[in-house]
Amino acid sequence: MDNIEKALRDETKHVRITHAYRWLVWSNEQNVYIVYEKRPYSRNVTDVIQTDSFEIALYFLLEDKA
Amino acid sequence: MDNALAVRAKLLKWADLDPPEDILDDDGKVRAGVKGAIVGTMNRKCGGDANRRLILSWLFSPFEGLEPISSKELTNKQVGALVRWIDWYKDPDINEWLTGADFDKEILILLTATTLVYNKSPLVVKDEHPAIDPFSPLLLGVDLGGEIVAIDDGETIKEEAESHAHKRHRQRTIDNGDILDYF
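Which chain is which? The protein sequence lines are A and B, in order. With my numbering, the residue at position 40 of the first sequence is 53, and numbering never jumps. With my numbering, the residue at position 164 of the second sequence is 159, and numbering never jumps.
Hints are computed from structural coordinates only; laboratory data are not their basis. Treat the hints with care, as some may be off.
What the hints assert, rightly or not - Listed below are the simulated SDA-like cross-link pairs for lysine to any residue, each with C-alpha atoms no more than 25 Å apart in a straight line: (1) B:K85 to A:D15; (2) B:K85 to A:N41; (3) B:K100 to A:T59; (4) B:K24 to B:A(-1).
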């Protein structure tokens, strides 16, 4: 898990973990994990959660059953 | 293959609908740049022009078999269906246009299906395994411990087969009674 967090926080790369219609990124500007969601055929991207806890972010990422 | 057919059914259903208004200009024609964006996106995902034309053929060809379709031949409604399918959105984080998650998966499904249908001839990997009949005397010789030192007019392939049989028998009787000596 540490390696995943490390990869997400690597400023030289833009890593995102995708699951169903959601993805998880680390925001260097806000110092939080953000889970985004983009449902099919809607042009809007929404924030599902912003948190400094990786575990909570992961929970919300994997919650999408689509 | 079922999944690829389901994608085709989905796209054909959309191709019956009117195209999204924002891809049309005042004259009702597809705006300049839309087809280019479709071509660029599809090529990036499926590997190039030839594959894209096969996929377009899979989606929209009325005939059996894959006759490649060029993007120039697409109707407005078909372009509309492709725009719906690709489902572009702007990533707020990196500020780039990306494609929908369904499209990313489905175009790979179509790529697999179309290449399977289109490439009917069997694949031969010449460098590693020359096209040898698995029951040929040559292969039997290799099985028994022989070494192929030249094949295809002198193109050397070093391939050795270790075999206990080689140590026990230097000659082998083939079914028809001929005795072949490969060593």
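Now for the hints, and whether the structure bears them out:
1. Taken as a hint, the B:K85 and A:D15 pair is broken in the structure, with Cα atoms around 29 Å apart against an allowance of 25 Å.
2. This hinted pair checks out: B:K85 and A:N41 have alpha carbons roughly 19 Å apart, not beyond 25 Å.
3. A hinted pair counts as satisfied when its Cα atoms are at most 25 Å apart, and B:K100 with A:T59 qualifies at roughly 21 Å.
4. A threshold of 25 Å between alpha carbons decides the hint, and for B:K24 with B:A(-1) the separation of about 29 Å lies outside it, so the pair is violated.
In this structure, the hints that do not hold are numbers 1 and 4, in rising order.
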